[in-house]
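Number of protein chains: 2
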Amino acid sequence: MHSAAEDSRASLPMTGAPLYQRLAEHYRHVIRTGTLAPGERMPSVRALMRQHHVSLSTALQTFRHLEDAGWLEARPRSGYFVRLAPTSRLPGASEPDMRVAPAAARYVGLHERISSVIERAHAAPDALNLGGATAAASLYPGAALQALAVKLLRHHPTLLTDTGGEGHCPAFRQALAHRAMSCGVVVAPQDIIVTNGAVEAMSLALRAVAQSGDTIAIESPAFFGLLQLLESLGLRALEIPTSPTTGISLEALDTALSAYGNVKAVVVVPHLQNPLGSVMPDARKAGLVTLCRRHGIAIVEDEPYRELLEHAEHVQPVKAWDRDGSVIYCVSLNKILAPGMRLGWMDAGRWSARVRMLKYAQTRHGDVLTQRVAAEFIGSGAYDRHLHRLRARLRVQRDATADAIARHFPAGTRLGVPPAGLLLWVELADGHSSEHLFHAALREGIRIAPGTIFSNSGRFDAFLRLSCAQPFDRDLDDALRRLGRLARHG
Amino acid sequence: MHSAAEDSRASLPMTGAPLYQRLAEHYRHVIRTGTLAPGERMPSVRALMRQHHVSLSTALQTFRHLEDAGWLEARPRSGYFVRLAPTSRLPGASEPDMRVAPAAARYVGLHERISSVIERAHAAPDALNLGGATAAASLYPGAALQALAVKLLRHHPTLLTDTGGEGHCPAFRQALAHRAMSCGVVVAPQDIIVTNGAVEAMSLALRAVAQSGDTIAIESPAFFGLLQLLESLGLRALEIPTSPTTGISLEALDTALSAYGNVKAVVVVPHLQNPLGSVMPDARKAGLVTLCRRHGIAIVEDEPYRELLEHAEHVQPVKAWDRDGSVIYCVSLNKILAPGMRLGWMDAGRWSARVRMLKYAQTRHGDVLTQRVAAEFIGSGAYDRHLHRLRARLRVQRDATADAIARHFPAGTRLGVPPAGLLLWVELADGHSSEHLFHAALREGIRIAPGTIFSNSGRFDAFLRLSCAQPFDRDLDDALRRLGRLARHG
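As they're listed, the protein sequences go chains A and B.
Counted the way the working numbering counts, the first sequence spans residues 176 to 665.
Counted the way the working numbering counts, the second sequence spans residues 176 to 665.
So here's chain A without its partners, still in its complex pose (with noise of 0.2 Å):
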């Protein structure tokens, strides 16, 4: 039952390794046994030269080389502190071969085979959802909300039947953009536009940065979403090399962007991507916006899910980087707050105009009810009260999901744990097919989603997403039993 729990503490000696390497692949199993959490301080380049007899050069080479595989991250002024989490029984997912020229920019043609997997799964109401990236409602604060939403109702009569000064709530802008300061974002209020969810937002900045025909720069494996999105405005999609951990390869989007003409932007979820999980350190994403500004294309952001890392507080976005308005930030309260309210915002940088204009013409404003119960939540302490209860409820469940699938799949299975958030991107053993096992898994009433809908390239047959957003219980664990049992036999 075991099979695959061993291998990530196996290679712990490394001798004949660099002497940093050997100290990075010590911290390495300090973090993954959970000696050191996620969030927590590392000790500190004196601490490391004291307690290892090192000199100054080789802890600087190791706390770098941490942070550029992902284990560590740098704060300005606080040192260095722990970014994965400790709980993967598993080897990681396969990092991708980041330095290899990407394929040229195809049209998308995938949405016949999303559509079929999303009809298939919903022909089966009744099948676990393990293919889902939404999180039980109850771990959003629907009693508050709902409060709030009667209160507001009561007090203000013509809140359905009024337009209010064109849809705009001045107090949610308020809101997001006083957030937003405390992540390095500095947008006016009369700057955000309010959209419906990030999906919409995305859609906005693409149409506004590229037309039909054009190439836009994606992760692979990316959100299926985003290549829905791509195919149904008539946009090449050039899939860049992303590893599960740190993110897009810049190394290969600059040969990208070098070798193919007419990419009009790159788009990047640098926090807990959808599927990978990974997360881009600072570094990368300072190196990004000047990667992107040196061949002029835009950097479309989007962010449906920082606010579920530890600390996201201190966790910066791209377009923190951004000094010329290039970085289209589009944030996503579905994942955060509540997913039944369809809530977006982005900041459109230079294309602000254009922005206003194609969401004008395309959609008007969305309801002011939602809006106004988001700005009050967001505005009050209930917010933030709200993220660390489910950050750790999201925690609970992805550590007992992994440790499941550690437990049930066979052995060559590969999960690398992302360090907060909704899913699991799982790497069969054997190169298994997840399309099979999809077909295999609906069957017996379980819904998971196949690597191939991630990507235009069929490079991800081998992979699934499974959520980790419901409560872990009993039928959870048997779900994932006899999906381990279908895994093992192909």
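Derived by calculation from the structure, the hints in this document are not laboratory data.
Do not rely on the hints blindly, as some may be mistaken.
Interface residues of chain B toward chain A, partial, derived using beta-carbon atoms under 8 Å [what the hints assert, rightly or not]:
1) Ala308
2) Thr309
3) Ala312
4) Gln321
5) Thr333
6) Asn371
7) Gly515
8) Gly541
None of the values given here were measured: they were computed from a predicted structure.
Glycine included, each C-beta is placed from N, C-alpha and C at the ideal position.
Position chain B against the provided structure of chain A, taking the given hints into account.
Chain B only, in chain A's frame:
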């Protein structure tokens, strides 16, 4: 003061004209003076023959003439009914030459002008708004909707936190399908696509049938939002002459479709067109469907206002004549139910799969709360009672506003009062410029919509759209008096 009020009554005798034309003019007078009110049944063919001592053929010719000119409408098995409002004391706005071949399609380049008008108007937030098309919140059932929302929130604690079946609300689609059936549109609930108002429905419809560079035939003048939408999608507008009473010219449309290739669709607002207020007679709706089928183009029907008409349940959308799914039917509840709830829906005919895909990629689903509130309200008797009250109050406002225009505006001003709705289309005397009037009025604290934002052609500078969507009072009368003075002095 009554300078322009007598014109319409002066032309009664008409000696020399054919008998049926003189008889038709007699009934126009009877209708204008209010002896026969909108919605009332005309005397029967038999009564006409007896009363005026005319032949069956003359009586029938009279009815057809009045129907063609938009004064009457035939209802199957019920006879002829009066369509036009009786209260215009001014001659109707000029009829365009309905046979003229339209100018070639052009890319719309109006966004700057429209934005500047909207921005200038927003910069004067205290101005009395006669430029909008949104009725006062007090005309809508705020209290009832609010009570429903509170009840639903109480009974469904996860309404805001749960996406509830991907945001679908079967009860809402069921209620819409029921309602549509009563006016001759048969659509299965599951074929209804719920949108963020009709604006999004229109955007999806146009994206489904056309690509950047294609041409769309539209009514001229047209709602500026449609022109902005075409511009935002890179589509060309082919402006078709449109009568202020009977709507788009089928003759001109036929000529244009034969002359210009690459026309993918025609967009019509058959009922209470914005800005004209025209209502297409049934014969023309049927003719439009036949014509477009012959040319192989789609019809996009924009339906924000139909339910404001008296006896709307007897008024069939163009969609009712659709036999092969080539009419995309787009409905808004914004002007009917509640301006503060962004609710619309569409039946995308044979483009359903593509529209679903575009909708999913563009904005996913909407809030469930407002859909459920609307479902309960529409499904109850309260909806028809609300519509009855709404129409009556709008009728009073419209008549009072039209009357004030007749009193205050200079001789030569023309205004055909539409049978219902929120808008009046005024033709200024002596070719005065509405753009000048817009600026002059804004300086006096009055906001109007100049005719120039309703067409790419520059043909409508002598027109302005005035709202009759607010309760008429002394301030409004005073504003119209000052506007009339400005119109007099150019």
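Exercise. Which numbered hints turn out to be false for this structure?
Worked result: Violated: hint 1 alone.
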